Amino acid sequence: MADATMGRTARAPARREAMVSPRARRTITSVVLAVLCAVWVYPIVWMISASFKTNNEIFGDTGLIPDAPTVENYARAWSEANIGRYFFNTMFVTVGSVVVTVIATALMGYVLGRRRFPGRGLLMGLMVFTLFIPQGYTIIPVFELLTTAGLGQSLWGLMLATCGHSVVIFTLLFAGYFAQMPKELEEASRMDGVGPVKTFWYVMLPLSKPIVVTVVVLQTLQAWNDFLLPLVITLANPDLRTLSVGVYSFRGEHFIDWGGMNAASAITIIPIVILFLFLQRYFIDGLAGAVKG
Amino acid sequence: MSGVTLRNVTKTFGAVKVIKGVDIEIGEGEFCVFVGPSGCGKSTLLRMIAGLEETTGGDIEIGGRRVNDLDPKDRGAAMVFQTYALYPHMDVARNMGFGLRMNGWPKDEVDRRVQEAARILQLEPYLDRKPKALSGGQRQRVAIGRAIVRDPEVFLFDEPLSNLDAELRVATRLEIAKLHGTLGNSTMVYVTHDQVEAMTLADKIVVLRDGRVEQVGPPMELYRNPANLFVAGFIGSPKMNFVELSSGAMPDGTPVAQTGTARTLGFRADALRRSADGPLAGTVSVVEQLGDAVFAHFRTPWGQELVARFDPGTEIRAGEELRFDIAGPRHLFDADGQAMDAALRPAA
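Here the protein sequences line up with chains A and B, keeping their order.
Be aware that the first sequence starts at 1, since it is given in UniProt numbering, and climbs by one per residue.
Be aware that the second sequence starts at 1, since it is given in UniProt numbering, and climbs by one per residue.
Simulated from the structure, these hints should not be mistaken for lab results.
One should not assume that every hint holds.
Claimed, not checked - With a straight-line Cα cutoff of 25 Å, these simulated PhoX-like cross-link-like pairs (lysine-lysine) come out:
hint	chain 1	residue 1	chain 2	residue 2
1	A	K183	B	K107
2	B	K132	A	K183
3	B	K20	A	K209
4	B	K178	A	K183
5	B	K178	A	K198
6	B	K239	A	K183
7	B	K204	B	K239
8	A	K198	B	K130
9	B	K239	A	K198
10	B	K73	B	K107
11	B	K204	B	K178
12	A	K209	A	K198
13	A	K198	B	K73
14	A	K209	B	K132
15	A	K183	A	K198
Said to hold, decoys possible - Listed next, with one range per pair, are the computed distances between beta-carbon atoms:
hint	chain 1	residue 1	chain 2	residue 2	range
16	B	D151	A	A104	35 to 41 Å
17	B	K107	A	T138	49 to 55 Å
18	B	F13	A	T138	41 to 47 Å
19	A	I284	B	D165	44 to 50 Å
20	B	P88	A	P69	47 to 53 Å
21	A	L126	B	Q338	38 to 44 Å
What the hints assert, rightly or not - Far from chain A, some chain B residues (derived; all Cβ distances over 12 Å):
hint	residue
22	T12
23	Q82
24	H89
25	R94
26	G97
27	L127
28	A147
29	F230
30	L245
31	D336
Quick caveat, the model's predicted, so the values are computed rather than measured.
Glycine included, C-beta positions come from ideal geometry on N, C-alpha and C.
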């Protein structure tokens with residue numbers, strides 16, 4: 001027995017001595033990640049810092065801590081540059097497009113994920129194909145459509161156009177999620193005498209909460225930060241501008257108001273940061289679930 | 001409560017015919033079990049009664065009403081699924097009352113029915129829990145509760161114990177048997193592939209194979225007088241022993257009395273008695289001690305594995321040479337596998 005044991009030990013490959021202890025490895029990893037994080041976060045920190053500086057101080061190379069912090073930039077951005085109005089416009093477009101997008105894509109995803117009908121594969125293929133068309137090519141036709149519908153110069157039109165950006169992706173996310181749900185849930189609901197609409201609303205949609213949250217977060221980011229579409233649609237009507245277009249207006253022909261622009265940018269990102277802080281757990285669950293599904 | 005009648009019921013999926021003309025009469029208050037191997041069509045038949053699958057041909061009646069073209073909700077049937085199919089985001093009370101609420105029942109009445117079902121199923125302490133906080137057995141009870149609150153004419157169970165572990169399966173099986181009495185002997189149709197469940201629960205067993213009914217009858221009738229080789233082999237544990245006959249003799253040439261033109265001789269494990277001059281010889285290959293019985297699997301001279309039952313405590317060892325007499329009931333089957341006669345007592 002002893003011989004056999006010794007034989008096994010002799011045949012076993014020699015263990016490699018660890019170059020670095022696990023504790024040191026963790027420390028090195030943390031430092032590398034902290035450096036990467038600092039690089040990533042630096043532009044935002046710089047923007048916040050600059051928003052509390054005067055235009056002269058921004059270019060005075062005074063470091064990240066302002067010498068004489070001022071909120072004048074915020075006041076000027078909010079009132080004079082009409083950021084308050086743009087904030088409302090953006091909020092309207094974002095909330096409206098999120099509501100429309102969630103309902104529309106959940107319904108489409110439910111049908112595509114749970115029902116077998118002729119042409120389903122073709123329909124999904126066409127939807128995926130549209131992902132490869134750059135947004136720039138579709139802006140003029142979208143604008144034409146809105147004008148024909150009498151919505152070319154309204155926030156409603158901008159909101160509806162904003163819904164279209166990621167409809168395909170969100171629909172496929174919902175379809176994938178609904179497809180993996182057990183059919184017995186729907187059958188139990190059918191046996192209970194519950195119709196398909198109520199089954200969707202009371203059973204399937206609540207169960208797809210991770211995807212709903214993912215769509216809410218992604219569509220909010222999309223709508224809030226969208227630039228090209230609102231720029232084109234609001235060209236002739238500055239009152240309809242959204243924040244991203246409004247921030248761009250700080251760039252004059254001869255002068256750029258960097259302080260005001262940074263204050264406006266800081267105002268712009270606050271709602272997004274708050275939203276993400278509240279929903280990040282569901283958001284990550286949703287994406288993980290969609291990948292696993 | 002009402003009975004269920006199936007008349008020449010057929011079902012095809014595309015070109016594949018899965019139910020091939022089934023006639024079954026389930027009486028009011030009867031506990032009927034559909035049993036058969038995987039793919040025999042028993043679950044499909046149950047889903048056709050429920051209305052979850054369309055009926056291709058024939059008639060299905062519940063309580064004397066033809067229900068072929070009715071929605072599941074209008075058939076007066078409630079179903080308990082193998083996977084429970086509970087709504088994960090609703091607590092137990094909401095799960096049980098969901099159907100009634102969605103159909104506009106008054107809240108008081110829904111609450112009363114949910115409380116009553118919870119009392120019957122001993123679920124009262126769990127009414128505000130979500131399904132994920134319940135054990136498998138409790139979840140299955142909630143699924144049964146969801147059926148009870150609807151006060152259906154017929155309960156349909158689709159392999160309700162398959163997802164439970166062995167111990168819980170026995171306990172829940174007893175609860176379902178008790179429930180049948182508690183609910184005023186309601187009509188229940190129960191699907192399983194487990195013949196022990198079928199034998200212990202059923203008033204009437206329907207044995208299905210390949211979309212056809214092989215035999216219908218009370219459990220002991222099927223056990224004692226199987227209509228063919230399939231039923232004889234399917235009902236009873238351990239499986240019935242079969243020996244091919246040739247001109248009234250076993251493969252080794254040992255003659256068997258009073259077999260006529262039979263091609264197969266069947267006898268159960270408990271029909272064999274050890275006998276020094278018995279006609280059946282074998283070498284023990286495996287011994288199973290079950291506590292209340294000993295099963296000895298033995299190999300015959302022509303290489304077939306058979307099994308014999310002995311009283312508890314009998315000392316048998318693998319490798320031992322034994323001889324048996326067929327002392328219990330014998331079953332004879334013709335060349336088509338059909339029973340030739342009721343179980344025959346051995347010649348004296």
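Against the structure, the hints:
1. Annotation: proposed proximity of K183 (chain A) to K107 (chain B) is violated, straight-line Cα distance about 28 Å (limit 25 Å).
2. Among the hinted pairs, K132 (chain B) with K183 (chain A) is consistent with the structure: their alpha-carbon atoms are about 18 Å apart, no more than 25 Å.
3. Note on K20 (chain B) and K209 (chain A): the hinted pairing is violated, with a Cα-Cα distance of about 44 Å set against a maximum of 25 Å.
4. Restraint check for K178 (chain B) and K183 (chain A): the C-alpha separation of about 30 Å exceeds 25 Å, so the hint is violated.
5. For the given pair, K178 (chain B) sits about 35 Å from K198 (chain A) by alpha-carbon distance, which is inconsistent with the 25 Å threshold.
6. For the suggested pair K239 (chain B) and K183 (chain A), the alpha carbons sit about 35 Å apart, so the restraint of at most 25 Å is broken.
7. Restraint check: the Cα-Cα separation between K204 (chain B) and K239 (chain B) comes to about 20 Å, which is no more than 25 Å; the hinted pair holds.
8. For a cut-off of 25 Å, the pair hint linking K198 (chain A) to K130 (chain B) stands: about 21 Å separates their Cα positions.
9. Straight-line distance between C-alpha atoms of K239 (chain B) and K198 (chain A) comes to about 49 Å, which puts the hinted pair past the 25 Å bound.
10. Between K73 (chain B) and K107 (chain B) the alpha-carbon distance is near 20 Å, which keeps this suggested pair within the 25 Å criterion.
11. With a CA separation close to 17 Å, the supplied pair K204 (chain B) and K178 (chain B) stays within the 25 Å bound.
12. Between K209 (chain A) and K198 (chain A), the direct Cα distance comes to roughly 16 Å. Compliance with the 25 Å bound is thereby established for this hinted pair.
13. As the CA atoms of K198 (chain A) and K73 (chain B) are separated by approximately 14 Å, the hinted pair is consistent with the 25 Å bound.
14. Between K209 (chain A) and K132 (chain B) the CA atoms are separated by roughly 17 Å; this keeps the pair inside 25 Å, and the hint holds.
15. The hinted pair formed by K183 (chain A) and K198 (chain A) meets the criterion: a straight-line CA distance of about 16 Å does not exceed 25 Å.
16. Separation of D151 (chain B) from A104 (chain A) is about 39 Å and conforms to the stated range, judged on CB atoms against 35 to 41 Å.
17. Checking the proposed 49 to 55 Å range against K107 (chain B) and T138 (chain A) shows it holds: the Cβ atoms sit about 50 Å from each other.
18. The hinted window of 41 to 47 Å between F13 (chain B) and T138 (chain A) holds, with their beta carbons roughly 43 Å apart.
19. Between I284 (chain A) and D165 (chain B), the C-beta spacing of about 34 Å breaks the proposed range 44 to 50 Å.
20. Hint check: P88 (chain B) to P69 (chain A), Cβ distance near 51 Å, so the stated range 47 to 53 Å holds.
21. Distance hint check for L126 (chain A) and Q338 (chain B): the Cβ-Cβ separation is about 58 Å, which falls outside the suggested range of 38 to 44 Å.
22. Look at T12 (chain B): its CB is around 17 Å from the nearest CB on chain A, clear of 12 Å, so calling it non-interface holds up.
23. With 12 Å as the threshold on Cβ separation, the claim that Q82 (chain B) sits away from chain A is violated: the shortest Cβ distance comes to roughly 8 Å.
24. Separation of H89 (chain B) from chain A is inadequate, the least Cβ-Cβ distance of about 5 Å not exceeding the 12 Å criterion.
25. In this structure R94 (chain B) is not separated from chain A by more than 12 Å, as the shortest Cβ-Cβ distance comes to only about 10 Å.
26. For G97 (chain B), the condition that its CB be more than 12 Å from all CB atoms of chain A is violated, with the nearest at approximately 10 Å.
27. At roughly 18 Å, the least C-beta separation between L127 (chain B) and chain A is larger than 12 Å, which holds for a residue marked as non-interface.
28. At roughly 8 Å, the least C-beta separation between A147 (chain B) and chain A is not larger than 12 Å, which violates its mark as non-interface.
29. Listed as a non-interface residue, F230 (chain B) keeps its Cβ farther than 12 Å from every Cβ of chain A; the least gap is roughly 30 Å.
30. For L245 (chain B), the non-interface assignment is confirmed: its Cβ lies about 48 Å from the closest Cβ of chain A, beyond the 12 Å cut-off.
31. The claim that D336 (chain B) lies off the interface holds: its Cβ sits roughly 39 Å from the closest Cβ of chain A, which is beyond the 12 Å cut-off.
The earlier numbered hints that this structure contradicts are 1, 3, 4, 5, 6, 9, 19, 21, 23, 24, 25, 26 and 28.
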